[in-house]
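> This is what each chain is made of:
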Amino acid sequence: MSREPLLSVEKIVKTFGGFHALDGVTLTVEPGEILGLVGPNGSGKTTLINVISGLYHPDGGRVLYRGRSIASWPMHQRARQGINRTFQIPKPFKTLTVRENVELAYHFARQGAMTVDNALDFTGLAPSADRPAQSLNSSQQKLLDLARALATGPDLLLVDELAAGLGPQELHHIADSLRSLADRSMALIVVEHHLGFVNQLTDRVIVMNAGKEIFEGSLTLAAEDATVSAVYLGT
Amino acid sequence: MLSPGRTHLRSHRGVNALIPLLLLAAFSLAPLVYANHAVIFQMMAFMVLAQGVNLLYGFTGYLPFGYVGFFGIGAYGMGIGIELFHLPGLAALLVGALFAVVVALILSPLLRLSGAYFAISSLAASEVLYNIVANPALTHITNGPYGESLVQSYHPLTSYVAMVVLLVLTTVLVIVIKNTPFGRALLAIREDPVSAEMAGIAVVRTRTTVWILSALIGGLTGAIFGWHLSVFYPSTVFDLSISILAIVFTLFGGGGTAIGPILGSVVLYGLYNAIGISAPQYFELIYGLLIVLLVLFLPGGVVSLLQRRGSYVP
Chain D
0 MSREPLLSVE KIVKTFGGFH ALDGVTLTVE PGEILGLVGP NGSGKTTLIN VISGLYHPDG
60 GRVLYRGRSI ASWPMHQRAR QGINRTFQIP KPFKTLTVRE NVELAYHFAR QGAMTVDNAL
120 DFTGLAPSAD RPAQSLNSSQ QKLLDLARAL ATGPDLLLVD ELAAGLGPQE LHHIADSLRS
180 LADRSMALIV VEHHLGFVNQ LTDRVIVMNA GKEIFEGSLT LAAEDATVSA VYLGT
Chain P
0 MLSPGRTHLR SHRGVNALIP LLLLAAFSLA PLVYANHAVI FQMMAFMVLA QGVNLLYGFT
60 GYLPFGYVGF FGIGAYGMGI GIELFHLPGL AALLVGALFA VVVALILSPL LRLSGAYFAI
120 SSLAASEVLY NIVANPALTH ITNGPYGESL VQSYHPLTSY VAMVVLLVLT TVLVIVIKNT
180 PFGRALLAIR EDPVSAEMAG IAVVRTRTTV WILSALIGGL TGAIFGWHLS VFYPSTVFDL
240 SISILAIVFT LFGGGGTAIG PILGSVVLYG LYNAIGISAP QYFELIYGLL IVLLVLFLPG
300 GVVSLLQRRG SYVP
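Line by line, the protein sequences give chains D and P.
Going by numbering that gives the first Met the number 0, the first sequence opens with residue 0, and the numbers climb by one from there.
Going by numbering that gives the first Met the number 0, the second sequence opens with residue 0, and the numbers climb by one from there.
Hints should not be assumed to be uniformly reliable.
Claimed, not checked - Here are a few chain P residues that sit away from chain D, every Cβ distance over 12 Å (derived from the structure): (1) L31; (2) A37; (3) V202; (4) V203; (5) D238.
What the hints assert, rightly or not - DMTMM-like, lysine to aspartate or glutamate: derived pairs with alpha carbons at most 25 Å apart: (6) K93/D - D58/D; (7) K211/D - E169/D; (8) K10/D - D182/D; (9) K93/D - E126/P; (10) K10/D - D154/D; (11) K93/D - D191/P.
Honestly, the hints are just simulated from the structure, not real lab data.
Built from N, CA and C at the ideal position, the CB exists for glycine as well.
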C-alpha cells in the first residue's frame, strides 16, 4: 500500500520526572484503517493517545497529521481539524443533557457527515437524549464520549478502552459499529485490554511495553511472538 | 446550531424580555415612592455586581473573592478621569471601564488556577490593587490614602440614570449569554475543560472573554458608584465586604441564571437594610447561617428549587 498516512507518529518521547512513559514510539495510520493498541498497564497506550490528541506535549519526536506537524495545535484546533477521542474515564458535561453534550461538539467543531441525531442513534443513546449526562451509567457515559467525538466529524478517532464494562452482545455491536466507521474511511486507533474485542476489529495491532512498540502485526502472530509472551506472561 | 438554546430564547422570549423591562420600570419609579435614594442606588449597584460575579462564577465556576478589585479600580479610573484629565462624567466612566479591563488583562494568568487557589489569588490581587491606589507615593495621581473628591462633577441624577442603564444592559447581556452557544460553552468549560477542548471550544479564549466582560461590569459599577458618591477613600471602594455581598447574593439566588442574582440582591440587601444597620449582630448571624445552609443544602440557590421541578428559570 502506498497511500499517504493520515497520521505519522515519529519517535515520540514523553517523560514524567525521570519516568519515560513514551520512549521513542513510531507508528502510522492510514484513512479507513483500524489500528489496535495493546499492551500491559503502564505501557504508554493512553499517554500516546494523550499526545496525539494534544492533552500532553511530547518531550521529543514529531506528530504529523496529513503530513503537517501539529505540535503547536491546541486541542480544540485538533478537534476542528478532524482529530477526536474518547476517554478511559468518561468525561461528559454532567449537568447538561445527553443531547446538549453532543450538540456542543457539533456546533463548535466542524460539522461532519453525522448530525446530532445520527450520532445519538449510532451510539444507541437516542432514548436517553433528554436525560442529564450524570444519570447515565459508566458504559453509557463512554458511549456519550463517542457520540460527542463523532459529532465533530473526525477523520482520526482515538478510542480509549471503550469495551470495559460492556457485555458480550454490546461488544459485538460496538465492534460492528466501529468497523462501519472505518468503512467510511475514518481512521481509528483503538486502545484496548479486551483482546477478543480487538480481534473482532482489526488485523493490525501494535503491542506496546515500557513506552516502546515491541510488535506490529496480527494478534495471532503476536501471541506466538517470544517478546510479547515474555512481556505478558513474564516468561 | 445548538437548537435548544435558540429555541429557549425564542419560546421564552417573553419572560426573558420582561426581566430587564421590569428592572427598568422598578428603578425608574422607585425614587418617586421611596425617599432613601441611597438605598435604591446601592441595591442597583449590588445587583450589577452580583451579575458580574454570576457571569464568572455561575457560568465558569471561578469564584472571584477579589471581584471588588475591579470595582475599586473602576471608581479610581473615574476619579482620575475627572481630576487628572478633567473629563466630563460620562467620558470619565470610560476611563474607569478601561482601567478595569487593563487590570483584567494583566491578571488573566490567574485563570490558570482553579478552585480555592483562584479564589484566594484573586483576593490577593485585589489587596495589591488597594495598596497601590492607597500608596502615599501616588498622591499626585490617586490622592493616596486621602481619597478622591469629585464634587465638581457631582451629578446625582445622571449617575443614577447611568446605573439604571448599566443594570438593564448587564441583565440583557446575562440573558443573551445564557441562551446562546457561548453560554453553553462556558457551562461546558465549568464541567470539564478537557472535554470542552475536544468538543472544539477554545477554552482559554472563551474564559478570558468572560473574565474581561465580568471585569468591565465591575469597573463600570465602581465608576458610577464613585461618581454618585463623589467623595470616597480607597478603603470605601476596595472594601472586601463588597465582594462577599455580591457573591452571597449570587449564591442565594442561584448562579448561572439571570434571575438568581436579582432575587438574591432584592431579598438579602433588603434584609441588610431592615436589620443590618439597627441590629448588625443578628444580621451577621443570619448571613453566616445562610451561607452555611446554602452551601450544604442548596448549592444552586433558591431558583434551583424551581429547576429541580423542571421549570424553565430565566
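> All hints are to be evaluated individually against the structure, with a verdict given for each.
So, going through the hints one by one against the coordinates:
| no. | hint | result |
| --- | --- | --- |
| 1 | L31 | holds (42 Å) |
| 2 | A37 | holds (39 Å) |
| 3 | V202 | violated (7 Å) |
| 4 | V203 | violated (8 Å) |
| 5 | D238 | holds (34 Å) |
| 6 | K93/D - D58/D | violated (33 Å) |
| 7 | K211/D - E169/D | violated (32 Å) |
| 8 | K10/D - D182/D | violated (29 Å) |
| 9 | K93/D - E126/P | violated (35 Å) |
| 10 | K10/D - D154/D | holds (23 Å) |
| 11 | K93/D - D191/P | holds (9 Å) |
Comparing the model with each earlier hint shows violations of hints 3, 4, 6, 7, 8, 9; every other hint is respected.
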